[in-house]
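Participant: Below, each chain spelled out in residue letters.
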Amino acid sequence: MLRAESVDIRVPGRLLVRALNLEISPGQRWGVLGRNGAGKSTLLHVLAGLRPPDAGRVLLDGRAIDAFSRRTVARRLGVLLQEESRDYWGSARDYALLGRFPHAASLFGPGARDREIVDAALAQMDLGPLAGRAYRSLSGGERQRTRLAALIAQQPALFLCDEPLQHLDLPHQVALLERLKNSALGRAAGYLLVLHDLVFAARYCDRLLLLFGDGRYAAGTRDEVLDERNLAALYGFPVQMREVDGERVFLPARSAGPHAYNPGL
Amino acid sequence: MRRPGTALLLLLCLAVLSAGFGLLIGSASLSLSDYRLALLAPDSVPAQIVWELRAPRVYAGFCVGALLSVAGTFLQALLRNPLADPYVFGVSSGAALGMLVAMLLGLGAAASYGFGLTGAAAVALIVAALSYRVGDWNPYRLLLTGVVIAAGLNAGIGLILTLSPEAAVKGMLYWLMGDLSHAPAPLSVGVLLLALCGMGVAGGPAINALAVGRLKAATLGVATGRLELLLYLGAALAATAAVLIAGTVGFVGLIVPHLVRMIGIHDHRWLVPCAALAGGALLALADTLARSAWAPLQLPVGVLTALIGVPVLLALIARREDAAR
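Chains as they are written, first to last, in the numbering used here: chain A, 1 to 265; chain B, 1 to 325.
Treat the hints as calculated values from the structure; they're not laboratory data.
A quick note: this is a predicted structure, and the numbers were derived from the prediction, not measured.
Positions of the beta carbon are idealized from the N, C-alpha and C atoms, including for glycine.
Label pairs and their computed distance ranges (CB to CB): (1) B/Tyr132 <-> A/Arg57: 20 to 28 Å; (2) A/Gln166 <-> B/Ile317: 33 to 41 Å; (3) B/Leu229 <-> A/Gln166: 30 to 38 Å.
Just chain A, with the same shape it has in the complex (with noise of 0.2 Å):
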């Protein structure tokens, strides 16, 4: 369904992303892991067509992502960016509603179903007796489920989710991975989420890309990718695998003092 080509991703002075190449299928899970700065948002924007690739080229549906219309490639991708804005005029709803910009038909704005579809996507995000409060007075976290409903309302076939935990608590963690994984399971639709909790990455994500910062990357499934060696060099940290109940769980070493850590890897 989205497909990066070759892709090579710059900063100045910098190649982030050497010559990546990624297939996104429908009903894929896929996490992206990384280090800060490592281009995990800059890919994000890529992928979005939000930015041209360095090199390469992304396609969406076998067709290049720049000759679709911003609104036909919002129908299908879904974007949470990282960091979205903290004002708006209007209510926690108001906000909401802006995900149906893309399916809105109509003149006279959102229509009766697509007031359905925002109620529905704020009561999944444990919105609905906030639906009406001003979005600037939300706290951090309701402000952050309130952009992730109007994500949802908008029903993309592929969720591009940069940093989605942030700022919830761990029930609406869960809540909001459990949300995307069954509508991935039921082939709704996809995701691909930047993250930094292992722990949620391995277990609400089967597949799974590494971005070393320095043009290296590691893409393929939770077996292929996910271990102690590949960790411990992605972050330039020590990571231990633990059997937790059958589940593999991934921690930072505790035994790792200050000079286990190392910054320029």
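Based on these hints, arrange chain B on the given structure of chain A.
Facilitator: Below, chain B alone, put in the same frame as chain A:
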């Protein structure tokens, strides 16, 4: 306001009232029988006063106020900056400079409009060209470029004022403060106003989405580059038309969008037409006062818009602070 339709209707009534007020009041005091004459006998003196002197001026004042408010609304959305006003890019300074050069040279009305239009178009192009990069039209660079160019043009305006013969300076100052006493009232301005309002209403949902940032708006399906160009051109056209008609009337374009937002209308599908009506009504009213309150002395209307607008706005700001608490 819960129902923006109600607000639009109320503002429409206000606009009609201000127009009626403008037709009924003026430096010549007419009696009730004069008004009957004005309605029934088209050749009578009262009819000439009402329909040939007052009506075009009310129309011109309404159009200028509405155009400035629409331009302000567009630019505040484009730059996502509440301090943006129609003059921020210097398009109006370009028009003013052109007009003043024509006045200085003692050219006729047609030539001065030509000069003004040329000045405005040149500035709009220069600002856009200097701030445009392929694929990236940064509002901050646009704003900064415009502000710097406007500062340069204003120095040029100051230069012309000092070079002009003293007799001409008062007329120029009136015009620079905004003055409707010699305003033309062409039909085309009303057409332009309607077209821009239509554009604001039709583009309203996209303009609303732009409020959450251009990147997020792009992910929602807004063609941000095209929308920003349209907002820029629309605002430039509106500001130029307004300046050519009435000079640089201050305050209206900056404040009226805020006034309308303060009564609770933020959705651009409603905000644009409401701001047009409110701005038109405000300027028509202010001009009626300007030409009648101290008759036979006529004040420049720009002075009055500020005198009326400042206390109203301050009162609204104070009230809103209370409501927010």
